[in-house]
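Trainee: Here is how the chains run, residue by residue.
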Amino acid sequence: MSRLAYIGFFIAALFILAAIFAPLVATHDVTAQNLAIRYGAPSAEHWFGTDSLGRDVFSRVVFGARISLEVGIIVVTVSSVIGVIVGSIAGFYGGLIDRILSGYVFNVFMAFPGLLLAIALVAFLGAGLGKLILALCVIGWVGYARVMRGQVLKVREYDFVQAARALGAGSFRILKTHILPNAIQPLIVQASLGMAGAVMSEASLSFLGLGIPPPAPSWGTMIEESRSFDILYNAPHVLLFPGLAIALTVLSFNFIGDGLREYLDPKQRRR
Amino acid sequence: MKFKIFRFARTVGLTLLVIWTVVSLVTLVIELVPGEPATTILGETATQEQIENFNHKHGLDRPAFFISYSSSNGLTWNGVDNRYVDYWAGLLHGDLGTSFRTDRPVLDMILERYPSTIELALAAMVIAVCIGIPLGVVAGTHKNSLTDNFASFIALLGISLPTFVIGPLLVYVFAVKLGWFSPTGSANPEDIVLPAVTLGAALSAIITRMVRSSVIEELGEDYVRTARAKGLSERTVVYKHVLKNGLIPVVTILGLQLGVLLAGAIITEKIFSWQGLGLLLLEDGIGKRDYRLVQGCVLVISVTYILANSLTDFVYRRLDPRIRLS
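Protein chains in written order, with this note's numbering: chain L, 1 to 271; chain C, 1001 to 1326.
Heads up, a few of these hints could be off.
Across the chosen pairs, the derived CB separations fall in these ranges [unchecked claim]:
#1 Phe21(L) with Arg1228(C): 56 to 62 Å
#2 Phe1314(C) with Gly126(L): 38 to 44 Å
#3 Tyr93(L) with Trp1020(C): 23 to 29 Å
#4 Asp1061(C) with Ile16(L): 52 to 58 Å
#5 Tyr93(L) with Thr1102(C): 47 to 53 Å
Here are the computed lysine to aspartate or glutamate pairs in the DMTMM-like style, where the Cα-Cα straight-line distance is at most 25 Å [what the hints assert, rightly or not]:
#6 Lys176(L) with Glu157(L)
#7 Lys1288(C) with Glu1218(C)
#8 Lys1143(C) with Glu70(L)
#9 Lys1244(C) with Glu1190(C)
#10 Lys1288(C) with Asp1313(C)
#11 Lys1143(C) with Asp1061(C)
#12 Lys131(L) with Glu70(L)
#13 Lys154(L) with Glu70(L)
#14 Lys1057(C) with Glu1119(C)
#15 Lys1240(C) with Asp1095(C)
#16 Lys1177(C) with Asp230(L)
#17 Lys1177(C) with Glu1190(C)
#18 Lys154(L) with Asp230(L)
#19 Lys1230(C) with Glu1218(C)
#20 Lys1143(C) with Asp265(L)
#21 Lys131(L) with Asp1061(C)
#22 Lys1143(C) with Asp258(L)
#23 Lys1288(C) with Glu1036(C)
#24 Lys1004(C) with Asp1313(C)
#25 Lys1288(C) with Asp1095(C)
#26 Lys1240(C) with Glu1221(C)
#27 Lys1004(C) with Asp258(L)
#28 Lys1004(C) with Glu1036(C)
#29 Lys131(L) with Glu1190(C)
#30 Lys1177(C) with Asp265(L)
#31 Lys1288(C) with Glu70(L)
#32 Lys1288(C) with Asp1148(C)
#33 Lys1244(C) with Glu1221(C)
#34 Lys1288(C) with Glu1112(C)
#35 Lys1230(C) with Glu1190(C)
#36 Lys131(L) with Glu1283(C)
#37 Lys1057(C) with Asp1081(C)
#38 Lys131(L) with Glu1221(C)
In short, the hints are calculated from the structure, not lab data. Bear in mind the structure is a predicted one, so any value in this text is a computation, not a measurement. Backbone N, C-alpha and C define an ideal beta-carbon position, used for all residues, glycine too.
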């Protein structure tokens, strides 16, 4: 696998560990305010400085990893499961079901700007972690379904599937034990890229004030809070560190996704 | 010819079907929102009479769909006399309804803001092309050199950094520190630069990567060897021959990205208080719970997106005969 993919794994592992052990890694209480030390520059006491309310930016970034990765993992899991089920049904049964699903339903969801749909959903449902996850799943599952459908269409023509059918295996058994294990590989790539997308979308929605409400330390919310002229002028680090955290997380999962794609499909290796 | 007409009809049909679904979905979600718009807009202190007036004015006293359900009456058939049909009848006359807050036609409010968003998206696209194509060509012609790695790194940054990080960073450097531009608003003509760069950053990164890989691919083609054998300078080979073929995928990406830019403009507009459609949706629509306005904005943005995609597909087929044949 490419060097970039290893770098991706390393950074992602770092963030995942930080998220799991957040209470141990964080040096301060994330909501503790102390106006006496607001806009503090990075120092030995506050590694990433303090924000406009005197909260420790490092601890907030660490706990922010928890929110981002939690949202990412749930969204990727739920939408890939839905996508695999719908995609397999479309690919395996074909016919009218496939024409409705891939010809109409998939097109509708693909033809719509994802972020706009998420914004509209959250706007009507109200802000909150659960609703945010729901909105991201609604826009997320189609990608998996399309990949899965294509894979199933390909794999179901293979000889061993025909053999299993000739031996009298039922549809469900063929799907489960013969097709799925052979069709799942590109899904792993999709999931890795989807993780990057979900982290980005969560931050975007939180930035727009439609995600996780403050004072929860979501990276998007932190950036939203830091972009007033006042804070930018006095304490640009309040913007910089959560921004870097988002960029590194997104980058690492993109590296992993690209690396896995090249590894799983040598034909696509970069020239 | 017959086949062509059939396919055209199918594309148009599918586009209309998608638009219908989008409108219906948005309407459905709005109807499912708990709470009365009247009390949200007029406040808790509104009298019964005010609420009735409000509901009557906006047609909220009429059934929402063909079928309604209440625990006392069970399922009732309302016929065509319902809000969903009203909305469609209005749409076909170019009427997006009246804003709950300002009592102005939603279409007017949208048309006021739409040009700013288009302007921003086009400016972003111009910037993305001006950065992406030269960078991609340099990277592609100097494959695996230091320049290539540098260009690829910049491109990677552009893809990974979200707009809401790039935007404030640009504001910090160019408005707060250097004072070249104003941090928000659109009072001066040069105020479009920062928002356009912010919005176009990701696209320029995508274009750089595409141009790079297509330049590398085209450089290996036979016609390039022929051109070189004729004694043409490397510059002519790259810019006259390679780029002409290498740019076809870029055209597609530009078309597809126009929609992405329009949707992405929501975030950029918020960062820079750019008075476009996105800000209208966020602040006047969602912020003030003006659902009719939200409905209108979502509809207009998604229809633009869908049309941009369909048009791109059409142009792409014209440009590259290989796609038409396969």
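Trainee: Hints the structure violates: just list their numbers, smallest first.
Mentor: 7, 8, 9, 10, 11, 13, 14, 15, 18, 21, 27, 28, 29, 30, 31, 32, 35 and 38
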